[in-house]
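Got chain A sorted already, so can you dock chain B onto it with the hints?
As a plain string of letters, each chain reads:
Number of protein chains: 2
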Amino acid sequence: MISTVNPNLDDIPQISKEMKLIENELMRVIEEGDESIRGILKDFFAGGKRLRPKLVLLSGLCFSPVNTKMIYSAVAAELIHTASLIHDDVIDRSDYRRNRPTINYVYGNHTAVLAGDYIFAKAFEVLCRQNLNRCMGYLVEAIQEMCTGEIIQARESPDLTVDEDRYFRTIEKKTASLIAACCKSGADCGKADEVQIEKMGLFGLYLGYAFQIVDDILDITGDTSEMGKPVAHDLEEGKITLPYIYFLRDRVWEAKYRYTLMERNLATDMKYQIIRDLKHSGAITKAYAKAEECVKKAKEILNELPDSIYKQILADLSEKVMLRKR
Amino acid sequence: MISTVNPNLDDIPQISKEMKLIENELMRVIEEGDESIRGILKDFFAGGKRLRPKLVLLSGLCFSPVNTKMIYSAVAAELIHTASLIHDDVIDRSDYRRNRPTINYVYGNHTAVLAGDYIFAKAFEVLCRQNLNRCMGYLVEAIQEMCTGEIIQARESPDLTVDEDRYFRTIEKKTASLIAACCKSGADCGKADEVQIEKMGLFGLYLGYAFQIVDDILDITGDTSEMGKPVAHDLEEGKITLPYIYFLRDRVWEAKYRYTLMERNLATDMKYQIIRDLKHSGAITKAYAKAEECVKKAKEILNELPDSIYKQILADLSEKVMLRKR
Chain A
1 MISTVNPNLD DIPQISKEMK LIENELMRVI EEGDESIRGI LKDFFAGGKR
51 LRPKLVLLSG LCFSPVNTKM IYSAVAAELI HTASLIHDDV IDRSDYRRNR
101 PTINYVYGNH TAVLAGDYIF AKAFEVLCRQ NLNRCMGYLV EAIQEMCTGE
151 IIQARESPDL TVDEDRYFRT IEKKTASLIA ACCKSGADCG KADEVQIEKM
201 GLFGLYLGYA FQIVDDILDI TGDTSEMGKP VAHDLEEGKI TLPYIYFLRD
251 RVWEAKYRYT LMERNLATDM KYQIIRDLKH SGAITKAYAK AEECVKKAKE
301 ILNELPDSIY KQILADLSEK VMLRKR
Chain B
1 MISTVNPNLD DIPQISKEMK LIENELMRVI EEGDESIRGI LKDFFAGGKR
51 LRPKLVLLSG LCFSPVNTKM IYSAVAAELI HTASLIHDDV IDRSDYRRNR
101 PTINYVYGNH TAVLAGDYIF AKAFEVLCRQ NLNRCMGYLV EAIQEMCTGE
151 IIQARESPDL TVDEDRYFRT IEKKTASLIA ACCKSGADCG KADEVQIEKM
201 GLFGLYLGYA FQIVDDILDI TGDTSEMGKP VAHDLEEGKI TLPYIYFLRD
251 RVWEAKYRYT LMERNLATDM KYQIIRDLKH SGAITKAYAK AEECVKKAKE
301 ILNELPDSIY KQILADLSEK VMLRKR
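Residue numbers (this note's numbering), protein chains in the order written: chain A, 1 to 326; chain B, 1 to 326.
Just chain A, same shape as in the assembly (with noise of 0.2 Å):
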């Protein structure tokens, strides 16, 4: 199922078209608010890679031509994943995403707050206008998934019984819910069955599991300038990612550092050197190998529904999950 039509994840030329009627309809959004708030927001949304309206587009167009529902239900997508990064970057703390200052760290935790409620409630208000109101039962659905999964993983103290299951419970809901929820809501706009509406749900939930475990990756790997952000962040947290389950398998390392990984303000020096051990132990090569099932699940599900090039180009983009940097 490999095949050349989609160089790049950031650009497919496919649907090149519906993409920029998607970044137009995304920024006249934006400009609608009052002068105040449109500085903030402009370039917050500048640089994205749009992942999600993406596959709300792709999911759609595996069953009908590009409608109006569609376009719409992908801005919404994109403004929701927008206003909960807004609002992980107050609750992290975080002074850079994507190499660019955050909203917090220039504007203040008071606006970054008040920004991303206020997308949130333009995403809502996109979908209402439209009466998407099926799409708007996935997309709500998802967003308080997110927030019980992030409220939960701080709430557990960082704990060596974090196995597989319990990661892949809290990757569900943190970050593979809302991909579903996109992947349902185009096959919804698309007037696919029932049937293929879940189907496309189970594809969207493999590939957030996959794009997750590689972001815990490249947590672990990516340096600060690719990845726009410190490195080894979940480390500095207590989160207990893919890498660290599988490096902690291991008797020697679990004997090694069953208790340090527990520990919050680690010493940088006894950062590296548990990030150079665990890259010795394999853990790396295992977590990706995990994150390459889920692609292959992903695509296995995408077989179940009927051929179309933009099903092709869903089984590239998963592909370029594995190959991304940041």
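The reader is advised that the hints may include incorrect statements.
Cut-off 35 Å, straight-line C-alpha distance, at most; resulting in silico cross-link-like pairs (DSBU-like, lysine-lysine) [to be verified]:
# : chain 1 : residue 1 : chain 2 : residue 2
1 : A       : Lys239    : A       : Lys299
2 : A       : Lys325    : A       : Lys299
3 : A       : Lys191    : B       : Lys191
4 : A       : Lys42     : B       : Lys239
5 : A       : Lys199    : A       : Lys271
6 : B       : Lys20     : B       : Lys297
7 : A       : Lys239    : B       : Lys42
Think of the hints as simulated: they come from the structure by calculation, not from any bench. Keep in mind the model is a prediction, meaning the values are calculated, not measured.
Positioned in the frame of chain A, the structure of chain B alone reads:
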């Protein structure tokens, strides 16, 4: 138009059955969530005056017998209001609300931001499930107004050019727009015609003005135990509210305080001195008179709507806003 049907703003016997329904539904919505989030929220939802659900309900009952749409619109309005309070507490770094510790104080900003987002999503889920698209339209617009209003207010440095007009524009966005949206939602659910819906919205707007003016007065005249928050919070934040605007209209006080009022981190002694002088200046009386004017205007608008017991209750409720202690 004064009557004795409503001895207490908190308890309106004529709608107690409907309010119970709303309360149950509100609790059911909260119970739906994961155990981790339920515990956090239940406490926060207790103890509210439920002004907004009452307004939705009463505005609806002015035009038709109770229906499911009114109940769910009322639930959504309270959810939106609560979500915005949770975020306001993060923004204002408040430790207490209604004499209870805030979510940010107990669980941290992290959980409070997410809990607010979760509640916003729940509100839209309720509206979406009940196909209340028109109500959603009113409410999302109000949320945007609220966010924009607060961002504008925060970005303006305190200066003495704040006049009555600008104050009203700010409180319209911050408070009155949501109250107006509640009244419009109720009327809409009661199948009022467009003109009636707009009038109900205008009633809400004036009621909202009065409500916020009284709130701003209580920030100065209330003591900590009554308000559940520190006194003269606005002064500390450099917010020039209506009593301060009237205070500075007096040339003597303007000469004495024009620069002091622009400062942040005022010494406690200076704060108490300003408040003492402001109370002597007659500015509080003038602000109350202005709120009274708004209530009068609100009741005039009601006069243009069909007579009913519920219209009378709305008129009484407007009066009660003036007597509010917190």
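Consistency of the hints with the structure:
no.: 1; hint: A:Lys239 with A:Lys299; result: holds, 29 Å
no.: 2; hint: A:Lys325 with A:Lys299; result: holds, 21 Å
no.: 3; hint: A:Lys191 with B:Lys191; result: holds, 32 Å
no.: 4; hint: A:Lys42 with B:Lys239; result: holds, 28 Å
no.: 5; hint: A:Lys199 with A:Lys271; result: violated, 41 Å
no.: 6; hint: B:Lys20 with B:Lys297; result: holds, 31 Å
no.: 7; hint: A:Lys239 with B:Lys42; result: holds, 28 Å
Going through the hint list in order, the structure does not satisfy hint 5, though it satisfies all others.
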